[in-house]
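Going down the list, the sequences are from chains A, B, C and D.
Each residue of the first sequence is one higher than the last, beginning at 1 in the UniProt record's numbering.
Each residue of the second sequence is one higher than the last, beginning at 1 in the UniProt record's numbering.
Each residue of the third sequence is one higher than the last, beginning at 1 in the UniProt record's numbering.
Each residue of the fourth sequence is one higher than the last, beginning at 1 in the UniProt record's numbering.
A few of these clues could be false.
No copy is singled out in the list; a pair is fine if it fits within one copy or between any two copies.
Claimed, not checked - Calculated cross-link-like contacts (lysine to any residue; reagent style SDA-like; alpha-carbon spacing at most 20 Å): (1) K114 - G242; (2) K12 - Y51; (3) K110 - G76; (4) K110 - G80; (5) K110 - T202; (6) K218 - R320; (7) K20 - R332; (8) K136 - G76; (9) K114 - E234; (10) K136 - Y77.
Calculated from the structure, these hints are not laboratory results.
4 protein chains.
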Amino acid sequence: MQKMKAAIFVEKGRIVLDEKPIPDVGPLDALIRITTTTICGTDVHILKGEYPVEKGLTIGHEPVGIIEKLGSAVEGYAEGQRVIAGAITPSGHSYACLCGCGSQDGAGTKHGFKAMGGWKFGNTIDGCQAEYVLVKDAMANLSPIPDHLTDDQVLMCPDIMSTGFSGAESGGVRIGDTVVVFALGPIGLCAVAGAKLMGATTIIGVDTLASRMEVARKLGADHVIDFKAGDPVEQIMALTDGRGVDVAIEALGTQATFRSALQSLRPGGTLSSLGVYSSDLTIPLGAFSAGLGDNKIVTTLCPGGKERMRRLMEVCASGRVDLKPLVTHRFRLDDIEEAYELFANQRDGVLKVAIQP
Amino acid sequence: MQKMKAAIFVEKGRIVLDEKPIPDVGPLDALIRITTTTICGTDVHILKGEYPVEKGLTIGHEPVGIIEKLGSAVEGYAEGQRVIAGAITPSGHSYACLCGCGSQDGAGTKHGFKAMGGWKFGNTIDGCQAEYVLVKDAMANLSPIPDHLTDDQVLMCPDIMSTGFSGAESGGVRIGDTVVVFALGPIGLCAVAGAKLMGATTIIGVDTLASRMEVARKLGADHVIDFKAGDPVEQIMALTDGRGVDVAIEALGTQATFRSALQSLRPGGTLSSLGVYSSDLTIPLGAFSAGLGDNKIVTTLCPGGKERMRRLMEVCASGRVDLKPLVTHRFRLDDIEEAYELFANQRDGVLKVAIQP
Amino acid sequence: MQKMKAAIFVEKGRIVLDEKPIPDVGPLDALIRITTTTICGTDVHILKGEYPVEKGLTIGHEPVGIIEKLGSAVEGYAEGQRVIAGAITPSGHSYACLCGCGSQDGAGTKHGFKAMGGWKFGNTIDGCQAEYVLVKDAMANLSPIPDHLTDDQVLMCPDIMSTGFSGAESGGVRIGDTVVVFALGPIGLCAVAGAKLMGATTIIGVDTLASRMEVARKLGADHVIDFKAGDPVEQIMALTDGRGVDVAIEALGTQATFRSALQSLRPGGTLSSLGVYSSDLTIPLGAFSAGLGDNKIVTTLCPGGKERMRRLMEVCASGRVDLKPLVTHRFRLDDIEEAYELFANQRDGVLKVAIQP
Amino acid sequence: MQKMKAAIFVEKGRIVLDEKPIPDVGPLDALIRITTTTICGTDVHILKGEYPVEKGLTIGHEPVGIIEKLGSAVEGYAEGQRVIAGAITPSGHSYACLCGCGSQDGAGTKHGFKAMGGWKFGNTIDGCQAEYVLVKDAMANLSPIPDHLTDDQVLMCPDIMSTGFSGAESGGVRIGDTVVVFALGPIGLCAVAGAKLMGATTIIGVDTLASRMEVARKLGADHVIDFKAGDPVEQIMALTDGRGVDVAIEALGTQATFRSALQSLRPGGTLSSLGVYSSDLTIPLGAFSAGLGDNKIVTTLCPGGKERMRRLMEVCASGRVDLKPLVTHRFRLDDIEEAYELFANQRDGVLKVAIQP
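Next up, chain A with everything else stripped away, as it sits in the complex (with noise of 0.2 Å):
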């Protein structure tokens, strides 16, 4: 049985490379060699113990790769292909992909929804972390990279950018817009992206690094505002006069954020959710105009699978977006420990880390 190099979660505070057996390839998936990969602030938290997967499982979401082998079944791939997959990796064939709602896939189970059951790689199953990653109903999830991009193009597109994306379309953003989006790492920066892709014209970032507030101008921000330097509810309201914005993204995933979010607001306005809590949420009964507001809360888990991705990968090979200053270092995936130390600390002005076996 041959091995493979892995980053795997041993314990709280622990991932470490180790080795592990090659995956034998059922007649559904495929093997991928993995060329390019990253790291997730999901991934921290499961090193910080603070979202539960099994030990042992091999870590990571977003994979870059090369097709090494293909099961019995799948058509339509040749070994060879440089293909990226989803960090979401719907079957395509449970009610809940049939429904459109392939991010809670639950194919195998009785109803066929499952909450967060597309998420599969380094949650359910082995990751992407790793010298080959194994992708499960490969024909709904394998997306072929045009040949005139890099891998370093298409490595957001796994997760970052389909989750940043996401706050807006599932926000709802039309031409002439106002939007604001709350914390500016790598989610919320793709976030602004997708804000001005979709066409609203004024965009507010909320953070207080200025390296991000600078990329956020660079993706589409039109104004950035500093949380520390004021209430930013109170900065969002003097920016548009009173009114409020109609759309506002939630890319942190806590409390304070959530609130002001909410109390950024016009009447009517959408708050679009993208951020993962780890507690109970407080709504205020005023920024909710008491349930008479007909304000909307969505939430989204990144969208997955191989049209998703397709459409993505148009994107980075129109220029139209350019998330190059997102991938701020990189690494050997024979470091990638020290790639989690540099990441878990936010050191070094780091947004993303691309590592390669």
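Given the coordinates of chain A, assemble chains B, C and D onto it according to the supplied hints.
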């Protein structure tokens, strides 16, 4: 100056019938002689001082009547015509209205949005528990009653039907959906009827009063659950074989029903909230899948305007929904204080009362 | 190699019952033993040579049956289970499917879209007027029949209900709409039922056969018009007092009904087209307001997949719609040629026939 | 009675500058002193007698100006304010408006819908190629110009931007879409800009004039096709590698472009039509997949109302789209006949002309 009788908010705990001048008619207004009106749960909140309005205000927002006098700039109507107007009376010309958000009408404000601004009758201007009511922006709001419909048949249109149905509409109910409605007061009962009207095939009502549960069955509930007979979420999960519902409609305005509604959803489901809350709300982390469940929470304030009223009267005329069982008691305007006493204390199986000057 | 009986297209004018090998089961397939099926108007087009298929093909796309054998990679089903599959069998994993457009499934094609590609049974692969049928992509398509539903109760789900209902769904029927349905064959009758199920309050059916008009009334038509008794557009305008309809559903596939449907619309209305046309269509300039009328023309090919089938069976189980009147005749598979003879000539008031091996 | 200069339709072939009384101001009206306006392709149709209007009518529907006088019932504006109004001026209070269909505004008609009824200026009432124009329903239509925007910057908002953008909006353009725009006149150019603004990543423009093709590239076209250099459908299929486009926008109003647009679509694609047609249209059977291709044909009349105008001016203010290249020539109102002569004959590379009294 001619006088009329009107039910006036005097102070917390006191709504009394007294005399007031019949209002003057501005160029865009219409004066309606009330022939039938009713009392809403919201009026009881006002009575109890739980929802603040100015002392001296005439209460009531569900008018059925006859055009007594038209403003000089009003075209397309005739004095003597039987009409209704919605509880919410959008101006038609504010930015909010032109944005499809008339219930948050902010005509006259700087940006044209005002939270709950479309609700004027018995809230920010004199209402219709009186012999006459003045309707602003008459051309956007007066909806002629088809000849063959009685006052009683259309009495639920201005608020109860419009609000209840909107619970299903905003929830995006589709053919084949499973829907639960929390609380089977008049609004919840209309939400049941609305869910059926939109094609839900399994409708579950939650309450504890046998009389309401019986009406719910008549209006389309396939199952009714007594929340006193066990945890309603468990009962819903049992009825749906563990799947959960596609849409949960909250029609009461309490933390308990809000939480249960959220917990009843299948992954990716929608909580459609109609209730008027009186304190901050808590979103339980688990039911919200930490923000990753693709859930939506949508709130709706009773849609108004004459087109909405026309459509609801079409529903009445078509016989698709029979709301006659909702009018359980009948009073003369002279006896409205007695009607409040009955209604506020939910005595004698009261659902809605008809009040006639 | 075991043999089975099957209704085979031999040449224009001849569909005959003959023997064929029982198909082999690939890893993603399921072999279904047919217990009930039916003949569709499209099959008659094939019989008449108006719609081309390969000689030797087994006809039929409305299967009700029992799982005989499951492919090696199929999970979540058991042999012996009663199931249906839709007339359209999307793969679940093509770009089209993942784009929400499964009826145009192009699995295996370069870009993943193929016009009408989701329609496979009796079109591009062997169909189900046979003792057995092979279902490709079984996990996306097999929908278990609830125990308490008979074959007859679910026989309309695979095509007639799905297509007919989609006329109302794609038309965006809303509560209070006025809808006209042109042609009251099985599809049109289901369009009537679908429009009612979605809240249309005035439904007008157009046909000339008294028996069909009577069934239309049972399924929800408020008015029925005999197009031989006068210009149908004039009759519709008379019934709507000159307003026109919000949604016109074309369920036949002729220039005359297409034109009348367009002419029946109110400004801004939608023509929802279900018919299969056999020649170019003409859009009359006036009814189209020279392109400035905010009109929509939408077409829909029968939605398929197991979630769609599940929802339609929910409708059957709920009793919301009773399609029993549609099955007017019953034949053994051995007598299918006789059934074609009756059905193709629309004799004896036939609407749909049940065929049982 | 004071007089003003106005461009008046005298008879087929003759629009002349003449004197007319300055109109009286009714209670809901506003009198606007025009500071800049322009000529539309539709005005040329009127000039040529291809679109009938009453003799003596003032032409023009794209007003930029200053409030001269407000009606007695108009609130929320001040005389002296700089404003625009849309080419389409919905009343805000008709059934059509309250149904979200203001371009088909039928205020004053029995059912409140009138085909193209929202287009009043230079069609059913006097237009704005004059020193003054009367705006009906002023509160629904006057949109204040932000101080920092010049007349030129907002001159395209009333019609060209609103119509062009709506081609993309009604087409439902999504992130990653491929879009083709047929004909790169001012409307088509704005459709290109609108498609880009909504996230299309491959935009193909079709025309033959090099100057227009160049502007199209500036506004977002990734490819431009010369329809004289070969069948445009074949060129589009070559550019999309045989896939076809998600959305095809028709911006001319001819059978040839309509047909090509339909033929360019991928299965399930949408034809969004903006052109004004002058004869019946033919839908080719093949491109329509015999009615089974899940295709949509949607038409849109320039959305109006002050909220629409506000949003479009936000686009101008944001710098997201720069339409300055569209204004190629400039005339005084006194020379408007000369402007018509240039514009009607498409001389000197004219795209749009600015007319200033």
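Hints, verified against the model:
1. K114 - G242: between (41 Å within a copy, 11 Å between copies)
2. K12 - Y51: Close inside one copy (10 Å), not across copies (50 Å); limit 20 Å.
3. K110 - G76: This pair counts as between: shortest inter-copy Cα distance 8 Å, intra-copy 30 Å.
4. K110 - G80: between (37 Å within a copy, 17 Å between copies)
5. K110 - T202: Between. Shortest inter-copy distance 18 Å satisfies the 20 Å Cα cut-off; intra-copy 45 Å does not.
6. K218 - R320: both (12 Å within a copy, 13 Å between copies)
7. K20 - R332: Within one copy, since 18 Å is at most 20 Å while 59 Å is not.
8. K136 - G76: Both. Shortest intra-copy (15 Å) and inter-copy (16 Å) distances satisfy the 20 Å Cα cut-off.
9. K114 - E234: between (40 Å within a copy, 18 Å between copies)
10. K136 - Y77: both (14 Å within a copy, 19 Å between copies)
In this structure, none of the earlier numbered hints is contradicted; all agree with it.
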